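Enquirer: Produce the complete structure using the sequences and hints provided.
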Amino acid sequence: MNNTMVRSEGLSFSYPVYDDEGNKQGVNQVLKNVTLSVQKGEWVAILGHNGSGKSTFARHVNALLFPEEGTLWVNGIDTRSEEQIWEIRSSAGMIFQNPDNQIIASIVEEDVAFGPENLGVEPSEIRSRVDAALSTVNMRKYADRDPNRLSGGQKQRVAIAGVLAMKPACIILDEPTAMLDPSGRREVMDTLERLNHDEHITILHITHYMEEAARADRVIVIDHGEAVLEGTPKEVFAQVDRMKALGLDVPQMTELAYDLRKSGIDIPADITTVEEMVEALCRLKSKT
Amino acid sequence: MSIEVKNLTYWYDAGTPYSKKAVDDVSFTVEKGEFIGLIGHTGSGKSTLIQHLNGLIRPTSGTVLYNGTDIFAKETDLRQIRQKVGLVFQYPEHQLFEMTVRKDVEFGPRNLHLPQEEIDRRVEQALHVVGLPESVWEKSPFELSGGQKRRAAIAGVLAMEPEYLILDEPTAGLDPKGRDEILSQIESLRDTLGLAVILVSHSMEDVARYVDRLIVMAEGQKRYDDTPREVFTHVFDLISIGLGIPQITELNERLKEHGFQLPKTILTVEEMRDALIEGGQIHA
Amino acid sequence: MLRDITIGQYYPSGSIIHKLDPRVKIVSTLVFIVLLFLVKTFIGFALAILFLGSVVRLSKVPLKFILRGLKAIMFLLMFTVILNMLMTKGEVWLRLWIFTITKQGVYQALFIGLRLVLLIIGSSLMTLTTTPIELTDGIERLMRPLKKLHVPVHDIAMMMSIALRFIPILLEETDKIMKAQMARGADFESGRLIQRAKAMIPILVPLFLSAFRRAGELATAMEARCYRGDSGRTRMKELKYKKRDYIAYLVLILFAALLIATRHLPDIPAIIRSLMS
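Residue numbers (our numbering), protein chains in the order written: chain P, 249 to 536; chain S, 470 to 753; chain Y, 37 to 313.
In silico negatives: residues of chain Y with every beta carbon more than 12 Å from chain P:
(1) Val142
(2) Ala235
(3) Tyr285
(4) Leu288
Straight-line distance between alpha carbons at most 20 Å, and here's what the computed PhoX-like set of lysine-lysine pairs gives:
(5) P:Lys533 to S:Lys725
(6) Y:Lys234 to S:Lys572
(7) S:Lys475 to S:Lys501
If you're looking for bench data, these hints aren't it; they were derived computationally from the structure. Bear in mind the structure is a predicted one, so any value in this text is a computation, not a measurement. Just so it is clear, CB atoms sit at the ideal spot from N, CA and C, and this is done for glycine as well.
Expert: Written out as structure tokens, the structure is:
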């Protein structure tokens with residue numbers, strides 16, 4: 249239990265659906281009996297097509313939404329215990345898709361200070377946390393800039409620094425790279441890798457990009473509100489047919505391995521990176 | 470029939486401390502029926518460039534010729550140009566405003582003061598082309614799913630019956646299935662309606678699969694203008710200007726370093742499979 | 037298009053005036069404006085011009101930049117001056133057709149004109165040397181005593197700073213929506229008033245929707261970062277007066293005292309008259 253960062257048991261959630269007259273028509277079951285757990289220090293990618301319920305799950309972890317049925321524990325705290333809500337929100341920080349709509353202040357460092365200010369941290373302590381957080385995301389140089397003049401990747405890193413300044417044990421990112429270009433995406437991914445490796449922060453990363461999910465320790469696929477697939481990226485991506493049926497992609501390398509296997513070539517099914525593919529093909533070539 | 474961009478230069482915020490050259494002496498020609506990919510990272514000038522093509526932005530110098538006429542000349546009716554050169558902005562669903570999908574798509578043709586039957590014909594055709602079922606036509610656009618909203622917005626531009634269609638990041642924020650659907654629809658638009666399409670994107674995977682010609686922008690300048698196959702031979706330069714290359718193209722480079730006999734460039738997984746097997750590089 | 041509109045223009049030059057505490061600048065500007073209405077003599081105006089001139093000099097903001105702000109209200113300024121010149125009764129100097137120009141009228145017009153010009157330069161100097169966020173901070177601190185009267189000072193300040201952050205974003209968005217609708221053949225320039233008002237609907241609806249969407253997302257993001265209003269909240273940067281701020285206040289008091297003193301001195305025309313007689 250002590251090593252568990254997030255644990256959900258039988259978590260269900262639904263939105264009411266109204267007709268044109270505003271009468272309740274029924275419910276939209278967004279999450280169905282989700283049971284899963286994330287260990288401290290783990291990097292978990294959550295995949296699923298739009299509307300699969302993955303964002304709703306993320307909002308539960310940050311105690312922005314509360315389970316209808318079942319229970320969710322964050323760092324050992326039941327998210328429904330109202331008096332500890334600030335503890336949950338500061339220990340499981342959240343990053344959203346649109347970088348513009350989560351930056352509050354007009355100066356980078358003041359935005360990073362926003363979280364600790366809300367928590368009532370001493371001014372001198374805030375200062376050192378802000379400086380440290382900006383250094384961690386490599387944005388120290390931009391401390392006194394206007395966020396409006398930063399690139400998407402830089403804005404997203406400022407948002408990450410804003411969460412870091414609250415000293416979280418876990419960060420949940422809801423499609424943080426969806427609105428970024430390839431270099432912005434790389435900046436954010438490298439930042440996440442540093443946070444996970446060097447700062448041992450648990451990462452829950454919701455994404456549409458399979459190459460990004462391949463960098464996680466574990467992948468969970470959510471479909472129609474249910475956790476349907478789970479395992480290491482290799483285990484999950486190797487199920488190419490299943491992934492495609494779920495409306496998802498697999499990395500190009502995994503797809504190539506799958507195609508080659510179908511043509512009768514003996515190559516591992518769980519290749520996800522270019523390096524692994526080069527290695528596997530070289531081995532095959534030397535055989536012939 | 471062509472759009473001809475001639476020595477186009479545009480200074481952003483000219484005359485202020487923030488002024489910056491966004492487009493720097495760019496020239497190219499788009500012929501009817503072409504499918505062009507325009508790539509470059511954010512700030513490379515690609516979004517500014519396309520807004521010149523239908524006269525939404527006036528160039529600082531240089532010009533754009535539509536079938537030989539200067540679109541920035543005094544006597545040119547820009548509204549006519551905008552009808553012929555359709556522009557779909559990024560996140561186009563954010564400009565929906567009408568009560569129903571049908572009314573929203575009507576907005577464009579109505580601005581052209583067409584007779585009602587013609588408006589109806591165009592609207593229905595556009596909605597069919599983007600694959601929106603009749604059951605949603607009378608619904609509020611805001612009730613649709615994300616992917617449907619985007620298709621409704623694209624129909625709004627198609628109903629103008631343009632000859633050229635420019636789409637700025639049409640797949641941004643969509644999931645893999647939504648991405649594939651939109652892209653294959655765009656491809657069929659070109660094939661069925663004979664439109665010339667310019668697809669602005671920063672996804673190399675997307676453009677590699679669909680376009681015939683690729684224009685790469687970097688720091689306001691045109692860096693490459695060639696077939697994707699030719700452009701992707703410049704792997705390292707593309708990476709250095711901040712563009713990702715498809716995993717498969719990278720694999721091709723790496724394998725060649727290891728002595729594999731492979732084509733100059735490879736754009737898709739299928740090509741690689743065939744090159745490896747039929748090329749006799751590996752055996753079952 | 038809308039990019040040309042600049043709200044709360046700021047001119048970064050890093051001068052000593054820029055570094056002053058925003059509260060000093062807000063208080064000084066208010067005091068200066070009040071003082072301007074107390075000035076009745078040429079000596080007083082000379083003093084005010086000297087004072088403002090020195091501040092402008094210290095601020096390192098080019099005079100040309102400051103005067104640009106005057107251009108916008110030139111018409112209003114001329115109108116006020118001429119009206120005052122023509123409408124004031126007194127010792128007649130000149131008669132032209134139906135107009136009479138009096139001595140008192142000329143003085144009055146000159147004073148009003150000077151007062152307005154100084155007022156505008158003075159207050160634009162405040163925005164030119166203070167970032168919007170500093171202004172908000174300053175206003176929040178100055179208003180803090182009002183909290184006891186249940187004025188939601190914190191909320192007002194938070195709203196102001198969020199508005200400052202999102203004004204440029206919404207302007208850009210308006211620009212983009214306008215262009216997107218123009219690409220669909222919309223016409224915002226021609227037509228009668230009603231048609232033009234109607235033409236705004238395709239811009240306003242998406243703009244409001246977007247503003248609401250942003251507001252919703254921002255509220256969620258603020259909640260996720262433990263925002264709960266004013267309670268238990270600290271600030272990283274508390275405004276603190278430094279030595280230069282006290283000096284600035286001292287200078288201000290000195291200037292105010294001098295200016296008030298000029299009210300009791302004989303004015304230049306009076307001096308000249310006494311010398312002539």
